[in-house]
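Mind docking chain B on chain P? Use the hints.
Sequence order for the protein chains is P and B.
Read left to right, the first sequence gives residues 1 to 333 (the working numbering).
Read left to right, the second sequence gives residues 1001 to 1333 (the working numbering).
What the hints contain is simulated information worked out from the structure, not anything from laboratory work.
Zero decoy hints are in this set.
Covered stretches of chain P (in silico footprint by chain B; criterion: 3 or more residues with CB under 8 Å from a CB of chain B, positions within the stretch not fixed):
#1 182-192
#2 208-221
#3 277-286
#4 297-303
From the structure, some residues in chain B lie toward chain P, with a derived Cβ separation under 8 Å:
#5 1150
#6 1152
#7 1188
#8 1189
#9 1192
#10 1194
#11 1206
#12 1227
#13 1229
#14 1231
#15 1237
#16 1238
#17 1293
#18 1295
Have a look at the derived ranges for each label pair, beta carbon to beta carbon:
#19 84/P <-> 1299/B: 29 to 35 Å
#20 3/P <-> 1183/B: 46 to 52 Å
#21 1178/B <-> 88/P: 47 to 53 Å
#22 163/P <-> 1263/B: 34 to 40 Å
#23 179/P <-> 1285/B: 17 to 23 Å
Every residue, glycine too, gets a C-beta built ideally from N, C-alpha and C.
Number of protein chains: 2
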Amino acid sequence: MSVTFDVAVIGATGTVGETLVQVLEERDFPLGQLHLLASEASVAQSVPFRGRNLRVKALEGFDFSQVRIAFFCAGEVVSEAFARKASAAGCAVIDLAAGQGAPLVVAEVNPDRLELLQAPLRVGNPGSIATALALALAPLRSLLDLEQVTVTACLPMSAAGRDAVRELARQTTELLNARPLEPRVFDRQVAFNMLAQVGTPDTAGHLALEKRAHLELRELLQLPLLKVAVSCIQAPVFFGDSLSVSVRSGSPVDIEAVCAALSQAPGVEWTGNDDYPTAVGDAVGQDVLYIGRIRAGLDDPCQLNLWLTLDNVRKGAALNAVQSAELLIKRLS
Amino acid sequence: MSVTFDVAVIGATGTVGETLVQVLEERDFPLGQLHLLASEASVAQSVPFRGRNLRVKALEGFDFSQVRIAFFCAGEVVSEAFARKASAAGCAVIDLAAGQGAPLVVAEVNPDRLELLQAPLRVGNPGSIATALALALAPLRSLLDLEQVTVTACLPMSAAGRDAVRELARQTTELLNARPLEPRVFDRQVAFNMLAQVGTPDTAGHLALEKRAHLELRELLQLPLLKVAVSCIQAPVFFGDSLSVSVRSGSPVDIEAVCAALSQAPGVEWTGNDDYPTAVGDAVGQDVLYIGRIRAGLDDPCQLNLWLTLDNVRKGAALNAVQSAELLIKRLS
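Same shape as in the complex, but just chain P (with noise of 0.2 Å):
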């Protein structure tokens, strides 16, 4: 009999747990008791999986000991709160919310930081903009003197949850039907406009997930002296981020080498640079970061430009999510 693993999600009707679910559904996953977990607000509703529908439990008073593994996707306050719970219970921890401090890890990126792991088991899941940049420029860490990346990153509705996407397509509606305009979700317009932040910035005017883009790039790339600079924009756009990024390296940039490093990478697909690939066209409900547009700089040898698109929800979280514990079950076996 091959050995199975039971499992804990929690938050699991978020868009993120949702979709990890559904990858755990489609991946030939080792899956004992599958746990769905929630706070009591969505208590009761159901998720479908194998055919069949899963009603989802209270996180609250969950007894982690009767899972090995639980995926944390119910933002920062939820893993803090019971991610130590689950721990302390002997279950790994595989945790989607930013700045808790576990190990960051991207499978195709540095899987062996898993093995250097002590108990108890903890591993962080970066966010979609680190997870997109680290695919990208992991390949080239060996053709590039990276000193710093500056990205402009156009996020989708699907980043600021459910609600956001609803809001895209009720503003959408009501501006092509000449009714008044009436934001809720956002502030002001976002319908055929962009926003030039996401979230509130600090004091500074840096936006947290500008921050946490920073810190977690240098940590997977493990260069801490890497200058990063990312601009969060929120893009009418449903699903899917779209990065416009230029890297400074300390020594020209030797373009075909870097288009050669990139079309073996893996977890990437390049297109070619007769074609660039978009969000919505290629990057949504797929496992990979597809990148275009590679390009020296015009006046400036020393500077490497790309176009990336990656599914937010899927690679930039749930799928990220499961290949690290597909990577952990080999230690748990």
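The following block gives chain B in isolation, referenced to the frame of chain P:
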């Protein structure tokens, strides 16, 4: 009796030409006769002006000696074919097309450039990206040791003309009504999506718009060695440019001094950092560049980050051309 100037607008039925006629009407421009010119296909259309409809006449065969000033808004091919003819007839030319070699002027940035002009009088109008960047950076020249400007420019449909504006509306409606999508003006879905390029790249991967902005910004700021990296993205927005900008200075940036300089700069409106501007909410229909999210690099005191929004058709094209003409007529009077 006050002096007036007879004027021709070439490309009067396009988005920029039509706005230019509106701007002439709104401002106290000392206009005599106004001749609206276009290709044969648009002849006999009419354009509203000062309460009546002006008939569009054929550019082919027009006698430029009838006018003192000609605005060329019909693109490079038309400018190349007819601007010299206008000059030879003694007419001052304001050229809105790229690459015609006339000295570029943004009224708030380098008005002195017009004083040095020799006959025949020809003035170039930069594109909207360089105009936005020059308005923001010119007031900072004495504060920053400008080394490199890295820009992601999210461009609206109006930058690609009326057909593109209609295409976004049509694609959006099709998607919201769950009808099959039929891209026409673009080769793929642009509604609820971001396209990585605007136009076709050259063999090195650069777009004409990116190369134009690069050359124009260097010229406007009179910094021939400034490094300029522009990435142009087609956003699902009808009107208004949104630019995410990172500037590298040779020395640490004094953010307070930058804010102070920009809050006094001509043609610029800084929202303050407790708010931010958007293209739709602020810039469209306005005469100034809106600036927000002024901040230093998170890990790099020599970096300055900015968010810019501009009405690409108005200040990014038509208004700027009229402002140049207003400066020029001081010499013609």
